[in-house]
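FYI, the numbering for the sequence shown is 8 to 203, going by the working numbering.
What the hints contain is simulated information worked out from the structure, not anything from laboratory work. Just so you know, these numbers come straight off a predicted model, no measurement behind them. Yeah, the Cβ is synthetic: ideal placement off N, Cα and C, and Gly gets one too.
Heads up, simulated BS3-like pairs for lysine-lysine below, C-alpha to C-alpha not over 27 Å straight-line: (1) 41 - 96; (2) 145 - 160; (3) 171 - 189; (4) 132 - 145.
For each label pair, taking beta carbons as the anchor points, the in silico distance ranges come out as: (5) 29 - 64: 46 to 52 Å; (6) 38 - 126: 39 to 45 Å; (7) 33 - 126: 42 to 48 Å; (8) 39 - 126: 41 to 47 Å; (9) 17 - 126: 31 to 37 Å.
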Amino acid sequence: MRFIVKYILTLKSEGKAEAPTVKTKEEIEKEEEKRRKKEEQARIEAEQQQQQQQQQQQSQQGQQGTTGMFGVRQGHFRVFPATNLWRRKFRPLSENKAVDLFADVVGDAFILSVAMGLIVYEYWKASQKPDANLERIKDLDARFEQLQLREDKLEKDEEEVRAKVAVLEEALRALRDPKTKKPLCPTLQATAPSSA
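Required output: the full structure, derived from the provided sequences and hints.
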């Protein structure tokens, strides 16, 4: 590969490699002039044929100016010559030009392949990295689950404590003085804080 590039560079520096096959301004103008002349000649021939057809129609219709369906005189239309864009002829390339163009193509292909390789590598590298937002969401979900479990445990403990307090209150209410048969503790009532 390096040998080819060095060879091409030496050819360019010595002036042996010719310029790529591109038409000069004069060649383009000559071709356009030829094309214009052909179109003009075809247009003139079409107009002559049109005039002949009109004369024939007028002689057939008794020299009357008849109009067609849309009010336009019959035979009054423009004929454009058919031009084929694919008939262009290409000159053969010289060997030096072919080598030069091939080296350009190989160089461009190499640059594109390196660029594609870098794009694929960067995509793969980015896909291997953990997503920071996803990690934060997972961490927050785990913390939320821990807090939810802790809250459930505290609610359960609170219910157990309330049940124990209720059992103790029932036991205290059931206790009575053996001599007087009155409750040992007065009825448990919720005492509201006194406002002074």
